[in-house]
Amino acid sequence: MFYLIAALTLAGALAAMTLKQMVHAALAVTVAFAGLALFFLNLDAQFAGFAQILVYIGAVAILVVFAILLTHGAELPKGGVFSRTWFVGLPIAAGIFAVLGWAVIASSKALPSEAAAPAVNVHDIGVALVGRYVLPLEILALLLTAATIGAVMVALHEKERAK
Amino acid sequence: MSSPLTGYLVVAALLFSIGLAGALVRRNAIMVLIGIELMLNAANLNFIAFWRYSPHPEALTGMMFAIFSIAVAAAEAAVGLGLVIAIHRHTGTTDLDKMNRMKG
Chain A
48 MFYLIAALTL
58 AGALAAMTLK
68 QMVHAALAVT
78 VAFAGLALFF
88 LNLDAQFAGF
98 AQILVYIGAV
108 AILVVFAILL
118 THGAELPKGG
128 VFSRTWFVGL
138 PIAAGIFAVL
148 GWAVIASSKA
158 LPSEAAAPAV
168 NVHDIGVALV
178 GRYVLPLEIL
188 ALLLTAATIG
198 AVMVALHEKE
208 RAK
Chain B
208 MSSPLTGYLV
218 VAALLFSIGL
228 AGALVRRNAI
238 MVLIGIELML
248 NAANLNFIAF
258 WRYSPHPEAL
268 TGMMFAIFSI
278 AVAAAEAAVG
288 LGLVIAIHRH
298 TGTTDLDKMN
308 RMKG
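Read top to bottom, the protein sequences are chains A and B.
Position in the first sequence counted from 1, then plus 47, gives you our numbering.
Position in the second sequence counted from 1, then plus 207, gives you our numbering.
For reference, chain A alone in the conformation it holds in the complex (with noise of 0.2 Å):
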């Protein structure tokens, strides 16, 4: 299960990072925050699985579609999809993914090993957010408040001074 699941998220993201046609990247990315999903779900994180599918595949996936779309992305560009510097970049994320693993597989030891699944339903992470974790959900409704304004005008500004 683990296994199909880890399958399915990566060739989804590599698919997205590949895939010249930005419209196809764009499902591809879904299938990939699809597969985190279910492995939220695998986790036992009901909550975050959900509140994944609908955030990323509900929300982010059809604004990029629209930000492509109205961006003519779906047209190919002419100088190919990677950028000039792609020698640079590629190194960099190989490096990175390369510290990364070397620093899991050689803690692989003093992780903790197999636990029983957390009995937390959603009463309880109610009950946390509305107590332990109400300051950062107050900001948070803040910045989610301030983000919709700001995305509005700068997304409105340009259109206006033209006029």
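These aren't lab readings, by the way, just hints derived from the structure by calculation.
Computed from a predicted model, the values in this text were never measured in an experiment.
A few of these clues could be false.
Have a look at the derived ranges for each label pair, beta carbon to beta carbon [unchecked claim]:
1. A:Pro183 with B:Arg308: 18 to 28 Å
2. A:Ile139 with B:Asn307: 17 to 27 Å
3. B:Gly299 with A:Val146: 38 to 48 Å
4. B:Gly299 with A:Val174: 50 to 60 Å
5. B:Arg308 with A:Ile143: 41 to 51 Å
Rough simulated footprint, nothing fancy, chain A against chain B, three-plus residues with beta-carbon under 8 Å [as the list claims (entries may be wrong)]:
6. 213–224
7. 236–245
8. 251–259
9. 262–271
10. 284–291
11. 296–307
For each residue, glycine too, the CB sits at the ideal point set by N, CA and C.
Given chain A, put chain B in place with the hints provided.
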């Protein structure tokens, strides 16, 4: 694999590297944003995996961090894509290789 956590951490590291490679290599600003989203998601997977195998999962720390991180990522995507659309209106391109001027 001595611990089930190792597999999740390796997958998250791979996902992070793929996202980073995409963010560094792609030309289009929207694809760079998608790469950043993948990197954020890889971090979320780590949070959830560590929460699942932690000695005190009932404290919900990793779970809460992941939920807040999902919300912040949503705000980041909205503002980022709004900026890309504004830049496209202004310069007529989303190609990062052509965006080499600070002054419009």
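Taking the CB of Ile139 (chain A) and the CB of Asn307 (chain B), does the distance hold inside 17 to 27 Å?
Given about 21 Å between the Cβ atoms, the range holds.
Starting from the range 18 to 28 Å, see whether the pair Pro183 (chain A) and Arg308 (chain B) falls in it by beta-carbon distance.
Given a distance of about 39 Å, which is not inside 18 to 28 Å, the answer is violated.
Count the residues of the region 236–245 of chain B whose Cβ falls closer than 8 Å to any Cβ of chain A, and tell me whether that reaches three.
holds (count 7)
Consistency of beta-carbon spacing, Val174 (chain A) to Gly299 (chain B), with hint 50 to 60 Å
holds, 51 Å
Note whether the CB distance of Gly299 (chain B) and Val146 (chain A) lies within 38 to 48 Å or breaks it.
holds, 40 Å
Outcome, coverage hint (the region 251–259 of chain B, chain A; C-beta under 8 Å; three residues):
With 6 residues closer than 8 Å to chain A, the region 251–259 of chain B meets the three-residue bar; holds.
Proximity test - 8 Å, beta-carbon atoms, the region 296–307 of chain B to chain A, at least three hits
The restraint on the region 296–307 of chain B holds, since 6 of its residues have a Cβ under 8 Å from chain A and three suffice.
A range of 41 to 51 Å was offered for this pair. Does it hold for the Cβ distance of Arg308 (chain B) and Ile143 (chain A)?
30 Å Cβ-Cβ, so the 41 to 51 Å window is violated.
When I compare C-beta atoms, does the region 213–224 of chain B have three or more residues closer than 8 Å to chain A?
Held - the region 213–224 of chain B has 11 residues with a Cβ nearer than 8 Å to chain A, which meets the minimum of three.
Count residues of the region 284–291 of chain B with a Cβ under 8 Å from any Cβ of chain A, then say if the count reaches three.
holds (count 7)
Within 8 Å of chain A's CB atoms, at least three CB atoms from the region 262–271 of chain B: coverage verdict
holds (count 6)
When held up to the earlier numbered hints, the structure conflicts with 1, 5 and fits the remainder.
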